[in-house]
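Peer 1: Quick mapping for you: the protein sequence lines, in order, are chains R and G.
Note that the first sequence covers residues 1 to 340 in UniProt numbering.
Note that the second sequence covers residues 1 to 340 in UniProt numbering.
Derived from the structure by calculation, the hints contain no laboratory data.
Where a beta carbon is used, it is the ideal one built from N, C-alpha and C, also for glycine.
You may find that some hints are simply not true.
To be verified - DSSO-like mimics (lysine-lysine), calculated; alpha carbons at most 30 angstroms apart, straight line:
no., chain 1, residue 1, chain 2, residue 2
1, R, Lys44, G, Lys44
2, G, Lys44, G, Lys29
3, R, Lys136, R, Lys317
4, G, Lys136, R, Lys29
5, G, Lys29, R, Lys91
6, R, Lys29, R, Lys136
7, R, Lys91, G, Lys136
8, G, Lys91, R, Lys136
9, G, Lys44, R, Lys91
10, R, Lys91, G, Lys317
Said to hold, decoys possible - Beyond 10 angstroms from chain R on every Cβ pair, some chain G residues (computed):
no., residue
11, Thr26
12, Ser38
13, Thr41
14, Ala79
15, Glu101
16, Ala107
17, Arg119
18, Val227
19, Ala262
20, Pro283
21, Gln295
Number of protein chains: 2
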Amino acid sequence: MHEEAQVGRRITLAAVAREADVSLPTVSKVLNGRSDVSPTTRTKIERLLEAHGYRRRTAGPPQARLIEIVFHELESVWAMELIRGVENVAKRNDATVALTESGTRHAPDPEWIAGVLRRRPLGVVLVFSTVPEDVKRQLRSRAIPFVIVDPAGDPDPDVPSVGSANWAGGMAAARHLTDQGHERVAIITGPEDLMCSLARLDGYRSAMAMAGHEPDPALVRFGDFHVQGGFEHAMDLLRRPDRPTAIFAGNDLQALGVLEAARVLGLSVPGQLSVVGYDDVPPARWSSPPLTTVQQPLQRMAEEAARMLLRPTDPSKPALRIELATHLVIRQSTAPPGGR
Amino acid sequence: MHEEAQVGRRITLAAVAREADVSLPTVSKVLNGRSDVSPTTRTKIERLLEAHGYRRRTAGPPQARLIEIVFHELESVWAMELIRGVENVAKRNDATVALTESGTRHAPDPEWIAGVLRRRPLGVVLVFSTVPEDVKRQLRSRAIPFVIVDPAGDPDPDVPSVGSANWAGGMAAARHLTDQGHERVAIITGPEDLMCSLARLDGYRSAMAMAGHEPDPALVRFGDFHVQGGFEHAMDLLRRPDRPTAIFAGNDLQALGVLEAARVLGLSVPGQLSVVGYDDVPPARWSSPPLTTVQQPLQRMAEEAARMLLRPTDPSKPALRIELATHLVIRQSTAPPGGR
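This is chain R alone, in the form it adopts within the complex:
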């Protein structure tokens, strides 16, 4: 019987109960994330469900119609844009957004999974790069669809995901500066362990090469995507005798730090220094001067992810991966070099 199930016949919950030597209601409790099952029994049943590749036909009787979104940190300037995207789709589908802050930049906490199995949402939008294998299996066995929204650009290959075109964005930012005549263009990209940082850096390098400029290694910095980090790198770059005439700041927060460094050093923007951000979150419009930046369509990315959750999918097909285009938004922080 073990054999049969593995070659594709659907295993029934009754068969799992027999094999685990428990009652059918106990199996059902485990499936529904109830807490009144001993950890040993729960693990035994989980393993059997996984071994047989059990998949629920539906997520059970409808409760609250929830679309979950899970973040590593709510304070991220991305968070509100992504929430709004999910809320737009939820509203049109008579659903409500449920929101959890959990885990690290890379994956949600293990406790989160117990909660989501109890809540049985219509689907889950994960704002993480990776999803642990056991989490994937638990969600799949309960027929809870999930999609990664990954502005950082390094999604698991076997999970549906929505990202954006980081290399092309980095290229567009640097090219805008070289087109204006800048030759000494610095970059403060993101952390070295994020794919998006590397992709934006490579886009910058290609744009510099296309314009015939050898990028000075002293002008290439890895930042932390925060305002203060951008400020510190910019102070260092702008105090050099051969200071850059333009800085591509890797994200908008770092660009705000660059603007503050310019103010402290008495350099006018864009007269004496051009600055380009990345993301186009609202503070980019509110800065003084308003930032030229690369727009990641964060709200649309989240909408796309929420729509993918609500669409029926064929589990035998490879996971859908979407990359939305970025585009340059020109505001007032860039100008040809040599002004005042």
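Assemble chain G onto chain R, guided by the hints.
Peer 2: Structure of chain G alone, referenced to chain R:
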């Protein structure tokens, strides 16, 4: 029997069913926000429940443990701070935040109520000034607790609410400027129909009077709490021959607009113009220069509201109203007048 119920004896659902001439399950469906009841029957049962002051003992069998937060607009810079406050309390109580965007600045949409009755959350945080009477009755009859978080400062008297001290905040902002020697201090407060705008304006007036300055009516403006509005008022104020040496901007977004106006007009901040914001949302820290501002403890206000929901209350006692203190955060956008 009608009489009896109205003088305080608990009405049973069976009695409501008899009076409405429907079955008990039908009454139960209405209580649970199910959609398979005709609108006429629903209204009849709603009215009877209301007339008898029916209150559920509990919110029924536990489903997903949700704490709802409802906003007029998610794009508000307040929104993320408030969400984080509710999430902090939810996490400690093994609950999840559910989020809805609905209604106008004053009250949620009528459709929202049907959804919340279905979802049966542990409680609801409403980021609105007022709650329509029928919404209050519906929530009360289902034993769903609710609290208003009202940074705008005009809550219903019969609803528990958490606000902050707007008059004292306006006083602190203006006093900081007069203490530094500013005499021509302009104010761009919020819209005229929000209590918080009027309270901040009155605080400013009292501080000016305390310092012995007659506020010039030409320097008192009502804004719209947006960046562009702040920019336009500031352009107008700063082009006057007798321009102010300081502007109290009413909120942080308007203050960002004031900074941009100063940049466009070539005025240095704080050398030639001091600027004070209000709220202390993250963009206030990220601006160039970083803003001196009045901090509304938005996250703590939301935490307080969420905690009130989870505490058992005595419905015979008056609704609890809390006002948290504001305080001035001095950064780099203010200095004595006469610098450069």
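Peer 1: Identify every previously stated hint that the structure contradicts and give their numbers, smallest first.
Peer 2: 1, 4, 10, 14, 15, 17, 18, 19 and 20
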